[in-house]
Amino acid sequence: AQTVTQSQPEMSVQEAETVTLSCTYDTSESDYYLFWYKQPPSRQMILVIRQEAYKQQNATENRFSVNFQKAAKSFSLKISDSQLGDAAMYFCAYRINTGNQFYFGTGTSLTVIP
Amino acid sequence: NAGVMQNPRHLVRRRGQEARLRCSPMKGHSHVYWYRQLPEEGLKFMVYLQKENIIDESGMPKERFSAEFPKEGPSILRIQQVVRGDSAAYFCASSPLKGKNIQYFGAGTRLSVL
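In the order they appear, the protein sequences are chains A and B. Under our numbering, think of the first position of the first sequence as 1, with each following residue one higher. Under our numbering, think of the first position of the second sequence as 115, with each following residue one higher.
It should be emphasised that the hints constitute simulated quantities derived from the structure, not laboratory data. Please read all numbers here as calculations on a predicted model, not as lab measurements. A couple of the hints might just be wrong.
Unchecked claim - 27 Å max Cα-Cα, derived DSSO-like pairs, lysine-lysine:
| hint | chain 1 | residue 1 | chain 2 | residue 2 |
| --- | --- | --- | --- | --- |
| 1 | A | 78 | B | 176 |
| 2 | B | 176 | B | 165 |
| 3 | A | 70 | B | 158 |
| 4 | A | 73 | B | 141 |
Bound-form chain A, shown alone (with noise of 0.2 Å):
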């Protein structure tokens, strides 16, 4: 089965300092790619950051950037710097290089205290 579990159904963090979000997967295929999507109270699913799988080094998008251990099946969302517009939903999710769809976890809520 395909499935992806986020365990931290809430965090938060202070303005300015930096939070980490975990992911973890399972899946019996080799070649995917991961994305943290982004939520925030208007439903727009943004898209924050994307990882292939078989690349080793961790993609990185100004302050955002992710941990991925791919024998672990981890797949974690650092954020630096957290500002108050970062307060939303958090979705991670992958999808199988064969496949059609997106498998998505339930999502962490984020809040940003100023």
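Dock chain B against the given chain A, drawing on the hints supplied.
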């Protein structure tokens, strides 16, 4: 370049009525995906369509739900004889002909069944 457009944003139906949800993909995108998000859950895949073809409907309920993506016009997700359990947010995503590994999401339609 407009993003994925979904309408309506909110839809209220009484039990037994029909719901029609529309999705216009991003310009140049020929792949459309529908997902459903129940309260407190992540997005669950429903169906994947290309123009005039259903490619993968493995996530669609067997009854009352149907989807189409005609040669002209938006993709339509149709729910007949709605029940309270159909209340959810329905998201559409699109991707270009080459590049299924990035899906761009609309803001969703929130369906409420009274």
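* Which hint numbers does the structure go against, in order from smallest to largest? -> 1 and 4
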